[in-house]
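Knowing the structure of chain A, use the given hints to seat chain B on it.
If you read the sequences in order, they're chains A and B.
Letter by letter, the first sequence follows residues -16 to 236 in my numbering.
Letter by letter, the second sequence follows residues -16 to 236 in my numbering.
Please keep in mind that the hints were generated in silico from the structure rather than gathered at the bench.
Please note that a few of the clues may not be correct.
Simulated pairs of lysine to aspartate or glutamate, EDC-like, Cα-Cα distance not exceeding 16 Å [said to hold, decoys possible]: (1) A:LYS176 x B:ASP102; (2) A:LYS50 x B:ASP203; (3) A:LYS233 x B:GLU163; (4) B:LYS233 x A:GLU163; (5) A:LYS120 x A:ASP43; (6) B:LYS50 x B:GLU28; (7) B:LYS84 x B:ASP114; (8) B:LYS209 x A:ASP52; (9) A:LYS233 x B:ASP219; (10) B:LYS176 x A:GLU189; (11) B:LYS176 x A:ASP43; (12) B:LYS176 x B:GLU163; (13) A:LYS229 x A:GLU204; (14) B:LYS233 x B:GLU212; (15) A:LYS62 x A:ASP43; (16) B:LYS62 x B:GLU37; (17) A:LYS205 x B:ASP51.
2 protein chains.
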Amino acid sequence: MNVVCIGSGNVATHMAHALKKSGANLTQIWSRSLDNAAILGNELEAKSISTFQEIDRSADLYVIAVKDDAIAEVAVALKGVEGLVVHTSGATDISILSSFKNYGVLYPLQTFSKKKQLDFANVPLCIESLDESVLDKLRSVALGLTPMVYEVDSEKRKILHLAAVFGCNFVNHMYVLSNELVKHHGLDFEMLKPLIMETAVKVQTELPINVQTGPAVRNDEKTILKHLELLDQMPDLARIYQTLSKSIKKTHS
Amino acid sequence: MNVVCIGSGNVATHMAHALKKSGANLTQIWSRSLDNAAILGNELEAKSISTFQEIDRSADLYVIAVKDDAIAEVAVALKGVEGLVVHTSGATDISILSSFKNYGVLYPLQTFSKKKQLDFANVPLCIESLDESVLDKLRSVALGLTPMVYEVDSEKRKILHLAAVFGCNFVNHMYVLSNELVKHHGLDFEMLKPLIMETAVKVQTELPINVQTGPAVRNDEKTILKHLELLDQMPDLARIYQTLSKSIKKTHS
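One chain only, chain A, in its complex shape (with noise of 0.2 Å):
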């Protein structure tokens, strides 16, 4: 299967990875910036190139990784192709791709950075297809690279995209805020880490109403005081935290 990878961001590089090690062949990997492209393209022997005139129009599969933004732009630029044309997009319909013969959607539901190695077998890849022959086509390349493939429309994948935004980017931010904390007070992150591990592992096998903690969840007025009066030249982390508590005991009133 000859594959050529559009973009040379976090997504496409830990995908166009994935697919070389399952036995894909990458012929190309396109980027506006050619330095980014040579860079994926040494990695993975690949061809690299930065205008969509070079791009080969008779590969099997094409996995468009760009920014929301600039899908449509390679929608048009891709014109034509009869192979599988594919994009990544959480939020982004299926239908923007419908102009082509072949068209579906790849999206893994993980957060991925350049420098962070990450085992393929922990992403959940959800696909998408309006055709039949195309949605095994899809879900065959799918569990080449994960187990864990869904089936997911265009409308419930904005869903698990926003689910995403709570559960990973908020709270990256949290980790984020209780680290300039405790850095402002002299304190080392070190020593927050077992803690901020033991409660990703705890919903693993629980779910998280049940194993809900801290002064918020019990009611205690008093903590929650003291609290405030810590945040008091913090104003910024002394609004989210009464926000969340909020929110929080709302949930378990």
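Okay, now just chain B, sitting in the frame of chain A:
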């Protein structure tokens, strides 16, 4: 070393088990409810009691692991004992125990649920005492439970306790909200679990601020607007989405 455990909640349960495993002799478990004392007492082959009068006055160590509000009352009841008296509270000053001859703090910076087993080697313990020889004793007890022992004074311990609200309690609430969202749309929370794990794993080796992802840090207003539309029927989630997206933008601006 004879140990009396005052309390039968999450912290008392995990702490008492860890102490027994480290070779201590758990002689009594006190709880206001004899039933609760009996559950933990049976697990540890310790006597379960529910009145202060029954407490053995000649133990080597008294571990007070009750609600913050109840520590003062327990301290009055134990008045005059010569053994080492410690509380396990993050938010309570060491001075609440200053009437004792030997006293200190043994605060576990971890989230505990009775149902969920936990290797105590993953629990950082914060110790405090104003007396060097008591501190040595405490350090030796703590190192019998975990390699992660930190000397932390009351002011700094309160900061850690507050940081744990952000890094654990608020994080778990984000999991609750993401579960609420997927459930509302007939999707399975199972799909989010690998993402939740990876988000916590990432910050074990990277600074959280360096691995922030999502629409807010990219200033991707289009996606943020789409997400707020999806939260049209869930105004509480929409408000939290806006507050935290604003905070992420401010942090990274």
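Right, here's what the structure says about each hint:
For the given pair, A:LYS176 sits about 15 Å from B:ASP102 by alpha-carbon distance, which is consistent with the 16 Å threshold. At roughly 10 Å between alpha-carbon atoms, A:LYS50 and B:ASP203 fall within 16 Å of each other, so this suggested pair holds. Restraint check for A:LYS233 and B:GLU163: the C-alpha separation of about 13 Å stays at or below 16 Å, so the hint holds. For the hint pairing B:LYS233 with A:GLU163, the CA-to-CA distance comes to about 13 Å; that is within 16 Å, so the pair holds.
With a CA separation close to 11 Å, the supplied pair A:LYS120 and A:ASP43 stays within the 16 Å bound. The hinted pair formed by B:LYS50 and B:GLU28 fails the criterion: a straight-line CA distance of about 24 Å is larger than 16 Å. Between B:LYS84 and B:ASP114 the CA atoms are separated by roughly 10 Å; this keeps the pair inside 16 Å, and the hint holds. For the proposed pair B:LYS209 and A:ASP52, the alpha carbon gap of about 13 Å is at most 16 Å, so the pair holds.
Restraint check for A:LYS233 and B:ASP219: satisfied, since their Cα atoms lie roughly 10 Å apart, inside the 16 Å limit. Restraint check for B:LYS176 and A:GLU189: satisfied, since their Cα atoms lie roughly 11 Å apart, inside the 16 Å limit. Taking the CA atoms of B:LYS176 and A:ASP43, the gap is about 32 Å. The hint is violated against a cut of 16 Å. The hinted pair formed by B:LYS176 and B:GLU163 meets the criterion: a straight-line CA distance of about 14 Å does not exceed 16 Å.
With a C-alpha separation of about 11 Å, the suggested pair A:LYS229 and A:GLU204 falls inside the 16 Å cut-off, and the hint holds. A threshold of 16 Å between alpha carbons decides the hint, and for B:LYS233 with B:GLU212 the separation of about 22 Å lies outside it, so the pair is violated. Straight-line distance between C-alpha atoms of A:LYS62 and A:ASP43 comes to about 14 Å, which keeps the hinted pair within the 16 Å bound. Taken as a hint, the B:LYS62 and B:GLU37 pair is honoured in the structure, with Cα atoms around 14 Å apart against an allowance of 16 Å.
For the proposed pair A:LYS205 and B:ASP51, the alpha carbon gap of about 10 Å is at most 16 Å, so the pair holds.
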